[in-house]
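Asker: Next come the chains, spelled out residue by residue.
2 protein chains.
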Amino acid sequence: MNDAPSDRDGPGTHVEPPPERTVVDDAQLALLLEVTGTPKPGNVDRAHDYDDLRFEHFLAGGVGARPGLELAADGDRLGRAFERAVAGMSQQRAGNTQFGALLVLVPLVRAASEGDLTGERAGDLAAATTVADAADFYRAFEHVDVAVEDPPEGTDALDVRRGADAVPDLEDRGVTLQDVMVESTEIDGIAREWTGEFARSFDAADRLLDLDGPVPDRTSQVFLELLAEEPDTFVVTQHDRETAEQATERAAAALAGNADPWALANEFVAEGINPGTTADLTAAALFVALERGLEI
Amino acid sequence: MNDAPSDRDGPGTHVEPPPERTVVDDAQLALLLEVTGTPKPGNVDRAHDYDDLRFEHFLAGGVGARPGLELAADGDRLGRAFERAVAGMSQQRAGNTQFGALLVLVPLVRAASEGDLTGERAGDLAAATTVADAADFYRAFEHVDVAVEDPPEGTDALDVRRGADAVPDLEDRGVTLQDVMVESTEIDGIAREWTGEFARSFDAADRLLDLDGPVPDRTSQVFLELLAEEPDTFVVTQHDRETAEQATERAAAALAGNADPWALANEFVAEGINPGTTADLTAAALFVALERGLEI
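Protein chains in written order, with the UniProt record's numbering: chain A, 1 to 296; chain B, 1 to 296.
Isolated chain A, as found in the complex (with noise of 0.2 Å):
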């Protein structure tokens, strides 16, 4: 007693401060706090499931995601650690969750483990791509069934429906993952991200982190004005154009007063209108917000 028990077994009464949460962590809540924020027109949130696509199954695409969600933070090649989150995610019956979150995280994630993540710096490793990049990207289609657009004519060999058998062709020609990138910015947000300086995730974070209130109706605005701003790319593919058009004007006025959100929510699933590139933005705006200090 008068020797200090506590030194007996460990520091006494002295406690440790709390873990901070990592890049990787940041990472992971993002994907959570996304699919959290409610309502989302057409997405998967609080209140609404597809048949086959569920809650649940982006909490385990979230969980499953980690490591190569580590992989991007660790500093390996950025396709390779895009591949293995993508393979990791899609360990649950619903397939594809977050294949486009993951694609537009990956850069950021490297970024932000650097401790410098600024739309130029995530734009330069997006540039920096190489082959074996663009190959890794291939392979990743392997694990997921994802919805794409008909390759433009004459680059049917770098169709990314061929998965892992387009990787010779891919070498032949060297084509790097920016490479493939610039070649989808017409009709997919997501690589417009890649080859934009990730213009859109943070300006959508900035206005996160200007919002109050609980961070899932934050989320859900700022998905509501992403819609608004421009036709979701999924929609297009999934659909058509003018789908993707109406359905940006009919957020649009969501967000006017015009009609509610929520009965939106309602008509796109039920319309099977499902903006999956916008919310893809909105988790990686959340990564972005959660970096910089969003509060949960």
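These are computed hints drawn from the structure, not numbers from a lab. We put the CB at the ideal spot given by N, CA and C, even for glycine. Some hints here could point you the wrong way.
Pairwise CB distance ranges, derived in the manner of DEER restraints [as the list claims (entries may be wrong)]: (1) A/Gly163 - B/Ala253: 50 to 60 Å; (2) A/Glu267 - B/Ala127: 53 to 63 Å; (3) A/Tyr50 - B/Asp206: 27 to 37 Å; (4) A/Thr118 - B/Val182: 50 to 60 Å; (5) B/Glu153 - A/Gly293: 39 to 49 Å; (6) A/Glu16 - B/Arg161: 18 to 28 Å; (7) B/Asp172 - A/Glu114: 48 to 58 Å; (8) A/Gly163 - B/Ala199: 41 to 51 Å; (9) B/Arg207 - A/Ala47: 20 to 30 Å.
Pulled a few chain A residues facing chain B out of the computed Cβ check, cut under 10 Å [stated by the list, open to error]: (10) Thr36; (11) Phe55; (12) His57; (13) His143; (14) Ala147; (15) Val148; (16) Pro216.
Please build the complex by placing chain B on the supplied structure of chain A, with the hints as guidance.
Answerer: Positioned in the frame of chain A, the structure of chain B alone reads:
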């Protein structure tokens, strides 16, 4: 081209199998699935929040707990793994979200990581805890406010609300963590698991595996069954035994089809009846079930 270009940049068309979920992944996923089980009367779920305790706090808690869960899987002292898990969990604005769930999970995670996830083995691990584990347990109370009963007369020195200040007294008296649990068996359903080979957790896991349908629906069902079987000790602590017994009767009525579980969920939230210990046991059951092959 003739020389297998795929060998230059990796395994070419070869695709590695997906990473499997680890024990820690399953523990984290169990925490996330628990809060997703809906309706779970009186607890936060997809359809219910309390003003200061909301769905997103459980997500951040489940992410933050991970370093502690890793320690449990890696063979560190159970008390220390628990204290670190609680410290990480606490890094969100609601404070205590999953204290009890982590307490019941930590021995189960250790048992699973050793490849022997049985009630007997988890009970042996609990029984083998030391004074150092008890000191860790008390330190965990420094990170969060946990509603607890007044200690038995004459044991004020060991009141958990003293937190780390009680550590020298614990050490003087040679109180182990299992001693603390034995002392609390009558008043705490988690302590009863620690001293009773985690019987209810394993039994509920079997029921989760036997049911059909989406896991959150099964989770809701098993939660109701657990609540209908025994009064929730957290409700006893926050209110009184009579309220807890009535809550159990109301859960039984809902199970028997004489009341609507969704209505009960709204009533319990309105009345501030929060069967948190039953939710903690549900998280433990989900972990065991995931380890035994529950598919999401």
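Asker: Work down the list of hints and note, for each, if the structure agrees.
Answerer: Against the structure, the hints come out as follows:
1. A hinted range of 50 to 60 Å holds for the C-beta pair A/Gly163 and B/Ala253, which are about 54 Å apart.
2. A beta carbon spacing of about 57 Å between A/Glu267 and B/Ala127 agrees with the range 53 to 63 Å that was offered as a hint.
3. For the pair A/Tyr50 and B/Asp206, the beta carbons lie near 30 Å from each other, so the given range of 27 to 37 Å is met.
4. For A/Thr118 and B/Val182, the hinted distance range of 50 to 60 Å is satisfied, since their beta carbons lie about 55 Å from each other.
5. Taking the beta carbon of each, B/Glu153 and A/Gly293 are about 47 Å apart, inside 39 to 49 Å as hinted.
6. Evaluation of the 18 to 28 Å hint for A/Glu16 and B/Arg161 yields a pass: the beta carbon distance comes to about 20 Å.
7. Look at B/Asp172 against A/Glu114: about 50 Å separates their beta carbons, and that is inside 48 to 58 Å.
8. At about 48 Å, the beta-carbon gap between A/Gly163 and B/Ala199 stays in the expected band of 41 to 51 Å.
9. For B/Arg207 and A/Ala47, the hinted distance range of 20 to 30 Å is satisfied, since their beta carbons lie about 27 Å from each other.
10. A least Cβ separation of about 6 Å between A/Thr36 and chain B falls short of the 10 Å threshold, and the interface hint therefore holds.
11. Taken as an interface hint, A/Phe55 checks out: its beta carbon lies about 6 Å from the nearest beta carbon of chain B, inside 10 Å.
12. The interface hint given for A/His57 is met, as the beta carbon of that residue sits about 7 Å from the closest beta carbon of chain B, less than 10 Å.
13. For A/His143, the interface hint holds, since its Cβ comes within 10 Å of a Cβ in chain B; the closest pair sits about 6 Å apart.
14. With a cut of 10 Å, the hint placing A/Ala147 at the interface with chain B is violated, because the nearest CB-to-CB distance is about 20 Å.
15. The interface hint given for A/Val148 is broken, as the beta carbon of that residue sits about 18 Å from the closest beta carbon of chain B, more than 10 Å.
16. The interface hint given for A/Pro216 is met, as the beta carbon of that residue sits about 6 Å from the closest beta carbon of chain B, less than 10 Å.
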